[in-house]
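Engineer: Below, each chain spelled out in residue letters.
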Amino acid sequence: MTLGELAKCLDAEIEGDADYRISGVGSLQGAGPDEISFLGSPKYRRYLSTTQAGAVILNRQDVEFYSGRCLIVRDPYLGFARATSVLCPQTPLAPFVAPSASIHARATVPQSCSIGAHAIIEEGVRLGEGCAVGAGVWIGRNAALGDHSDVHANVSIYEGTRIGSACTVYAGAVIGANGFGFTRDSEKWVPIPQLGGVVIGDKVSIGANTTIDRGSLDDTVIESGVILDNQIHIAHNVHIGENTAMAGCVAVAGSTHIGKRCTFGGRAGVLDHLVIADDVHITATSLVTHSIHRQGVYSSVLPLSENRAWKKNAARMKSLDDYIRRIKMLEKKIDVLFNGGEQ
Amino acid sequence: MTLGELAKCLDAEIEGDADYRISGVGSLQGAGPDEISFLGSPKYRRYLSTTQAGAVILNRQDVEFYSGRCLIVRDPYLGFARATSVLCPQTPLAPFVAPSASIHARATVPQSCSIGAHAIIEEGVRLGEGCAVGAGVWIGRNAALGDHSDVHANVSIYEGTRIGSACTVYAGAVIGANGFGFTRDSEKWVPIPQLGGVVIGDKVSIGANTTIDRGSLDDTVIESGVILDNQIHIAHNVHIGENTAMAGCVAVAGSTHIGKRCTFGGRAGVLDHLVIADDVHITATSLVTHSIHRQGVYSSVLPLSENRAWKKNAARMKSLDDYIRRIKMLEKKIDVLFNGGEQ
Amino acid sequence: MTLGELAKCLDAEIEGDADYRISGVGSLQGAGPDEISFLGSPKYRRYLSTTQAGAVILNRQDVEFYSGRCLIVRDPYLGFARATSVLCPQTPLAPFVAPSASIHARATVPQSCSIGAHAIIEEGVRLGEGCAVGAGVWIGRNAALGDHSDVHANVSIYEGTRIGSACTVYAGAVIGANGFGFTRDSEKWVPIPQLGGVVIGDKVSIGANTTIDRGSLDDTVIESGVILDNQIHIAHNVHIGENTAMAGCVAVAGSTHIGKRCTFGGRAGVLDHLVIADDVHITATSLVTHSIHRQGVYSSVLPLSENRAWKKNAARMKSLDDYIRRIKMLEKKIDVLFNGGEQ
Chain A
1 MTLGELAKCL
11 DAEIEGDADY
21 RISGVGSLQG
31 AGPDEISFLG
41 SPKYRRYLST
51 TQAGAVILNR
61 QDVEFYSGRC
71 LIVRDPYLGF
81 ARATSVLCPQ
91 TPLAPFVAPS
101 ASIHARATVP
111 QSCSIGAHAI
121 IEEGVRLGEG
131 CAVGAGVWIG
141 RNAALGDHSD
151 VHANVSIYEG
161 TRIGSACTVY
171 AGAVIGANGF
181 GFTRDSEKWV
191 PIPQLGGVVI
201 GDKVSIGANT
211 TIDRGSLDDT
221 VIESGVILDN
231 QIHIAHNVHI
241 GENTAMAGCV
251 AVAGSTHIGK
261 RCTFGGRAGV
271 LDHLVIADDV
281 HITATSLVTH
291 SIHRQGVYSS
301 VLPLSENRAW
311 KKNAARMKSL
321 DDYIRRIKML
331 EKKIDVLFNG
341 GEQ
Chain B
1 MTLGELAKCL
11 DAEIEGDADY
21 RISGVGSLQG
31 AGPDEISFLG
41 SPKYRRYLST
51 TQAGAVILNR
61 QDVEFYSGRC
71 LIVRDPYLGF
81 ARATSVLCPQ
91 TPLAPFVAPS
101 ASIHARATVP
111 QSCSIGAHAI
121 IEEGVRLGEG
131 CAVGAGVWIG
141 RNAALGDHSD
151 VHANVSIYEG
161 TRIGSACTVY
171 AGAVIGANGF
181 GFTRDSEKWV
191 PIPQLGGVVI
201 GDKVSIGANT
211 TIDRGSLDDT
221 VIESGVILDN
231 QIHIAHNVHI
241 GENTAMAGCV
251 AVAGSTHIGK
261 RCTFGGRAGV
271 LDHLVIADDV
281 HITATSLVTH
291 SIHRQGVYSS
301 VLPLSENRAW
311 KKNAARMKSL
321 DDYIRRIKML
331 EKKIDVLFNG
341 GEQ
Chain C
1 MTLGELAKCL
11 DAEIEGDADY
21 RISGVGSLQG
31 AGPDEISFLG
41 SPKYRRYLST
51 TQAGAVILNR
61 QDVEFYSGRC
71 LIVRDPYLGF
81 ARATSVLCPQ
91 TPLAPFVAPS
101 ASIHARATVP
111 QSCSIGAHAI
121 IEEGVRLGEG
131 CAVGAGVWIG
141 RNAALGDHSD
151 VHANVSIYEG
161 TRIGSACTVY
171 AGAVIGANGF
181 GFTRDSEKWV
191 PIPQLGGVVI
201 GDKVSIGANT
211 TIDRGSLDDT
221 VIESGVILDN
231 QIHIAHNVHI
241 GENTAMAGCV
251 AVAGSTHIGK
261 RCTFGGRAGV
271 LDHLVIADDV
281 HITATSLVTH
291 SIHRQGVYSS
301 VLPLSENRAW
311 KKNAARMKSL
321 DDYIRRIKML
331 EKKIDVLFNG
341 GEQ
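Residue numbers (the numbering used here), protein chains in the order written: chain A, 1 to 343; chain B, 1 to 343; chain C, 1 to 343.
No wet-lab data here; the hints were simulated from the structure. Check the hints yourself; a few may be wrong.
You can't tell identical chains apart in this list, so a pair holds if it fits in one copy or across any two.
Below 30 angstroms or equal to it, Euclidean Cα-Cα: the simulated BS3-like pairs (lysine-lysine) are [said to hold, decoys possible]:
1) K43 x K318
2) K332 x K318
3) K43 x K8
4) K318 x K328
5) K8 x K188
6) K43 x K312
Just chain A, with the same shape it has in the complex (with noise of 0.2 angstroms):
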């Protein structure tokens, strides 16, 4: 393909020669002149002097520091993105079934799809055209998935879970577990039937060992175009609107809503039965302890420190309350000998 073609393709802006051929796409360190690469932030121009790659996707800004083909785009993650997936198109399995896979006779399996080793397919499970589904993928009776979505090695699905179509769900995620719900029955805990399921839209990424877990009652909701990452756990009856993103390791408590287009930072956390609003966006660490109904960022992460100075720092802080009173005691003596201590 020519860097022309490829322009076209991106709706890009080409600096350099259109006839020069691309045939593949690579980082800046590692591309070779058949290949394009992209600057995605100016923290790595410096490779930009280096790079052996045939021609660079970059954003107008950055044009200045590089003197060699390049195509101009707004967002170069984005024009990457494209020019690999022109470039470098993933070819979809071709159907088959492994002779090993367990797949109940009552279960529909369309012939588009395929059946890794040692999957199991309960009965009344269904499947759309070209689902993928891994080795020693379980999924459990009646549950159904979309058109066109992958599930990976060793995920365990729950019994009627709904994912939409085009999800991806990475190897080792759980989903449709009961949800953590018991009341104490004197010392003891006395579970409480969990019978809601998941339900999940399209487009939804799910990363490797994350876990969902069913509704008590009603479903634990998962809108479309939501990204979750690896290891997050989203308890019983959570809802989490439309392209909402989570980075790894994420916990939200039960019944907790969370509006559309939030993102939340690597180990952030929510607590129960809160209402996040749309485009709410939470740091990394941080740990949600109320409602958010207005749009903005929000943090609760200490500053890091040196062991030393956090030692006496910390100490401080468990003594905080007491410091701020001596400082308005402080306030009303000064008061005092200002102006009498009169108003």
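With chain A's structure known, arrange chains B and C on it following the hints.
Structural biologist: Relative to the frame of chain A, chains B and C by itself:
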């Protein structure tokens, strides 16, 4: 079943027609006229006016907010759990052994058990009566399960692990992997043998993708009635007392001994070699850095703020010790002004 | 084996009968007269008076607290590790291939390997000599393992992953899933191709349910001698230097480069695109928010308090910046009183 019969099972006071027939359970929003629902928290009172439920389980304080049929109990959650077990009894899996399961000739698997597809049961394993082993589960040599314990899909149980009766292990959990015990030999890490095992009592619930490591010399012990949510990490030689509960993503470091009836909020952490008394409650995300000898509630999280405010406050925290010193200096100076600094 | 022979293996000084026979190892509380134990920390000195162990491995400072037979070494943990390897040598699994394993005709599996039940080894996979692949493991196309590496039950290894020799991967771990790379196209998330792989050195230990993502363009790299505990999350393009150790539930965000011999306490986190020098130590739960160029110990956790005290202090933290301003105002006023505000 009539409302009157159900009231007897629940030890509940009845309001309305005792002969009204109930055949199922549901949420306030979802239940129909032949179903019973419950009001678990005053937060949901607003649903009482529109619910289609045939009857509602609630406590005395909420009676005045509902004019329909109801069963009055002290703990509506518990009442609902009991109603569900009566109205929707879980039918135990019919005994079966999937043809694709691999069961060693010298494993003990009573005929009352159900063994899922591709499950692997190694030499010397002993299952109790009525156990259910899910698809793709691996149970290592000489491990043992008590009666009526359920192990869900893709769980891994290492050799020698002992699990009591009526336990549930959710999908993807790993029990009995080596503890993280290493010592340095100059720069390199040398593993310390992990010769202990894991001993789990009765009626223990272990969440999806939770990991419980084997002890180094003695055993890791989870006593009866303990409930663990998803993605919890229990390190080697930890001991957890009866009826303690941990919400999602809690992590407990090695050799810590936790008492009975404790609760840990989601994402809480506990350092190693600590002792936590009975009836200690740790709020979500808090880190326990020292032993706790007295029952009570303990916390250590920074409150959530808008990012702009957080930045300012966080910067101050890094110099808190310095500011506290300045408060003390001010106090001395004020003291000089008020009384010449004499004591 | 006699105590004298064992002393030689451990390079230990002996106290007591060198001809005494030892045949196993155990804890101070559990060892019998034919077993050797060790004192790893002064905390456990109290067990020395009652232990039934035939001998104890300890260091010079602890000799005076024990009157029985002992082996004196510099590092009792290391001594015990060596004693165990001598007295209880791990017998490698006899080579075998479970009949239910699925091994592709074009995979390389030496006869010295052991392949567990229902394991799946795809086309082009290359295993080294003496590898052990556990039950239900999936190894994707063209992945490679060095000699004598062990992969435990239900692990998922994506295509092209390269793992060195003498590595251990515990159950449920997932290696080589796509990194969490997305960019927005108006409201929707578009995946950025993850074309890199995962490269893992020799003698690396990877804990249960840990996840290591593949790189986006270049590889995610774990150097030799690294030890990772359970439920760790390593994002795409992270680089971890030799002999670095991470305790349970640590999370490292994308493209961060971590040096050699670092240690991370449990639940520690590291933001993306940072550089951490060699010999940096992060205490449990701390979040690394900026690059660290100097070796040392770093922390960022709030100290644990009783909930009542915590509430008061936490409320103050939300207004800390305001209070610090008030300290500064007080200082100015005091300055006026003392010397008229002149500098």
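Engineer: Evaluate K318 and K328 at a C-alpha cut-off of 30 angstroms and name the case that applies: within, between, both or neither.
Structural biologist: Both, since 18 angstroms and 16 angstroms are each at most 30 angstroms.
Engineer: Can you tell me if K332 and K318 fall within 30 angstroms by alpha carbon in one copy, between copies, both or neither?
Structural biologist: both (24 angstroms within a copy, 22 angstroms between copies)
Engineer: Within a copy, between copies, both or neither: where do K43 and K312 come within 30 angstroms Cα-Cα?
Structural biologist: between (35 angstroms within a copy, 26 angstroms between copies)
Engineer: For the identical chains here, do K43 and K318 meet the 30 angstroms Cα criterion within one copy, between copies, both, or neither?
Structural biologist: between (39 angstroms within a copy, 27 angstroms between copies)
Engineer: Between copies, within a copy, both or neither: which fits K8 and K188 at Cα up to 30 angstroms?
Structural biologist: Answer is between; shortest inter-copy Cα gap is 22 angstroms, intra-copy 66 angstroms.
Engineer: Could you figure out if K43 and K8 sit no more than 30 angstroms apart (CA to CA) within one copy, between two copies, both or neither?
Structural biologist: Close inside one copy (27 angstroms), not across copies (56 angstroms); limit 30 angstroms.
Checked against the numbered hints above, the structure violates none of them.
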